[in-house]
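Asks: Single-letter residue listing:
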Amino acid sequence: MKNVWTIVKKEFSRFFKDKRMIISVLLPGLLIYIIYSLMGTITSSVMGTDNEDASYTACVVNMPESLSEGFERLELVEGLSEDEAKKKIADGELDLYIVFPENFLEDITAGKNDPYPNVKVYYDSSAQSSVKAFTYVNTVFEILQGIKFTVNLPVEGENIRFDLADEKNTAGKMLSMFMPMLMFALLVSGCVAVAPEAIAGEKERGTMATMLITPIKRWELALGKILSLSVFALLSGISSFLGVLLSLPKLMAGLSGGDMAAFYSAGDYFMIFGLIISAVLVIISAFSVMSAFAKSVKEAGALITPLMILIIVLGVVSMVLPSVSVGLYAIPLLGCELAMSAIFTFSITPLAFVLAIVSNFVLAVALVVALSFMFRNEKIMFNK
Amino acid sequence: MEEILKVENLRKTFKLSRKQQKLERTNTNVKTAVDNLSFTAYRGEIFGLLGPNGAGKTTTLRMLATLIKPDSGNAYIEGASIVSDESKVRGKIGFLTSELKLEEFFTPNYLFDFFSELYGVEKSVRENRKRELFGKFGIDKFAEVKLGNLSTGMKQKVSLVISIVHDPDFIIFDEPTNGLDVLTAKVVTDFLAELRSAGKTIILSTHIFSLVERLCDRVGVIIDGRLVALDTVQNLTAEKNLEEKFFDLYKETVGEEV
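The listed protein sequences derive, respectively, from chains A and B.
Its first residue numbered 1, the first sequence is counted upward by one per residue in this note's numbering.
Its first residue numbered 1, the second sequence is counted upward by one per residue in this note's numbering.
I should point out that these hints are in silico values taken from the structure, not numbers from a laboratory.
Every value quoted in this text rests on a predicted model; they were computed, and no experiment measured them.
Worth double-checking, as some hints may not be accurate.
Unchecked claim - Facing chain A, according to a computed beta carbon distance under 8 Å, are these residues of chain B, among others:
#	residue
1	ARG90
2	LEU100
3	LYS101
4	TYR110
5	ASP113
6	PHE115
Stated by the list, open to error - Pairs of lysine-lysine, DSS-like flavour, derived with a Cα cap of 27 Å:
#	chain 1	residue 1	chain 2	residue 2
7	B	LYS69	B	LYS88
8	B	LYS69	A	LYS10
9	A	LYS295	B	LYS251
10	A	LYS19	B	LYS22
11	B	LYS19	A	LYS217
12	A	LYS298	B	LYS15
13	B	LYS88	A	LYS17
14	B	LYS19	A	LYS19
15	A	LYS19	A	LYS9
16	A	LYS17	B	LYS15
17	A	LYS10	B	LYS88
Note that the Cβ used here is the ideal one computed from N, Cα and C, for glycine as well.
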């Protein structure tokens, strides 16, 4: 028993007397707190403004006068035929097309129940504002729950599609929701697997010093490391990505009819690939800088964890951001995730793409420079 | 005699922890590892740096090899400053020390090629040198065995060969025979003598007196970061052997019997 205590004491002094160790263990918690609070603020501010101020455009047919007050957030568009309205919804120019049955109020007053009066609401599930408008209208209908009627009840023998989104847009929206985040998560795990070992590991084993006494320039060493590590991370990312891509049809069976991959052009894939490469360079460089700070592979792992969380959280942020101003694309990694989302929803602009990719490259270069300076610093490289 | 290394007032300090300050009963939070060190080495000699553990030998060598920077002072290797012309210095010197490790995953053959490239050795020159050096040390017999699977002696031979892939004129050996059996140690010391006959300059850091007596032309004795004696081995050992002379020097410097 006495020996157990001796070991415990030794482990405790190893831990509590090492400031770096304490920081690296406690930092993730602190960062999670900061990041999640920040995310919460962003999310709630986004949701908040959305619920109270936004108004939606709708073309409404046969709405009883007495109900119009309840729909104060709908901007009514007059004089559209059914086909025109549906086309505008599919094109994103109109949020909703609502058709009340003729004699809606009379039928309700008369207690018609076979079938109940049915309101038809046409919307586009691939357009954010249309979906929100649809939700809003449904909320209003729920307030009217005392009255017996149905909304979008399919009628036998009648094949009506209320969701006007075409397959392409639906698939795009679905992919844009999870693909950027998934890809980033895969890339990050690829980078984590290689960076600490190649930088902190070489430091720890003393093989880095052997290279540092050769005439090789520090930036050559930094760039060589980062380029090769990026290739490994990319390979690991591609392998996981292929796994996802190939299993996607099975995963999505029933959710979407069409062949999703075919919706995208070679140009789209090329852009995504470019974004992935630029992102890998940033992530690897950032992880390498952290690994260079660390004295051991283990410490590098601890130092990288907060960064990992941050990157994955950026993915979440990119998902919840409703309308994106072009400036956001200039934020490294975040811009990249937004650009990927935009590619999947067919709404990428050349400027956004260029900003996203260039911001990543600029940051990667800055990090390579930082790493070469670290290689030059004896306090960082030979700190035991 | 041509000066190949000129060390001028080299100084290096390290931070002390608070507990250590208390222990040493000092208020300064720095420890001077190397204190105003100056000496010169000439072409074609083996210059010994002799001193007890912790005297500052390795710190001095690390500064000369540009791994760390001096706080003040400078040193010139064939005219190139270790402070302002690091890259040039690195190309001129070979440095063998236990601190510099080789990746255990690789074979001697691969490592020789890798470091030859980093030092900018041409391929034809590299192959000739490899054949010659591998043959001399018997590395050719395990040239394709991963370093991790080699014995301590074999590894040391590989490290020695790698440290001179670029055929430097100025070579620093930090305790080159540490941990080696007498046979391997003899191979190494014989090689040092051979390098000298080839006109190379060698700085040999060690705490083994017999090695200094046998190999070195001149020797500098370092105690507590300061150079307390610098002379030819012949002069230093004129009255008594090097070990006894060293104890005298130690007593004079530290002020206590050994």
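Asks: With chain A as the partner, please determine if ASP113 (chain B) meets the hint condition of a C-beta pair closer than 8 Å.
Replies: For ASP113 (chain B), the interface hint is violated, since the closest Cβ of chain A sits about 13 Å away, which is over 8 Å.
Asks: How about LYS101 (chain B): closest beta carbon in chain A under 8 Å, or not?
Replies: This interface hint holds because 4 Å falls under the 8 Å limit.
Asks: Do the numbers back the hint for LEU100 (chain B), that is, is its least Cβ distance to chain A under 8 Å?
Replies: Cβ of LEU100 (chain B) sits 4 Å from chain A, so the hint holds.
Asks: Check the hint pairing LYS10 (chain A) with LYS88 (chain B) against an upper bound of 27 Å on the C-alpha distance.
Replies: Given that 27 Å is the threshold and the Cα spacing comes to 46 Å, the pair is violated.
Asks: Given the hinted pair LYS88 (chain B) and LYS17 (chain A), is their alpha-carbon gap at most 27 Å?
Replies: Given pair LYS88 (chain B), LYS17 (chain A) is violated - Cα atoms ~41 Å apart, limit 27 Å.
Asks: Do the alpha carbons of LYS295 (chain A) and LYS251 (chain B) lie within 27 Å of each other, as the hint requires?
Replies: Between LYS295 (chain A) and LYS251 (chain B) the Cα gap is close to 39 Å, so the pair fails against 27 Å, i.e. violated.
Asks: Going straight from one Cα to the other, do LYS19 (chain A) and LYS22 (chain B) come out at no more than 27 Å?
Replies: holds (20 Å)
Asks: With a cut-off of 8 Å on the beta carbons, see whether TYR110 (chain B) makes it to chain A.
Replies: This interface hint is violated because 13 Å lies over the 8 Å limit.
Asks: Hey, does the PHE115 (chain B) contact hint survive, CB to chain A under 8 Å?
Replies: Interface hint status for PHE115 (chain B): holds (7 Å vs cutoff 8 Å).
Asks: Between LYS17 (chain A) and LYS15 (chain B), does the CA-CA distance stay at or below 27 Å?
Replies: holds (17 Å)
Asks: Run the distance test for LYS298 (chain A) versus LYS15 (chain B): straight-line Cα separation, threshold 27 Å.
Replies: holds (25 Å)
Asks: Check the hint pairing LYS69 (chain B) with LYS10 (chain A) against an upper bound of 27 Å on the C-alpha distance.
Replies: Not OK: LYS69 (chain B) and LYS10 (chain A) at ~34 Å, beyond 27 Å, violated.
This entry does not satisfy hints 4, 5, 8, 9, 11, 13, 17, going by the numbered hints stated previously.
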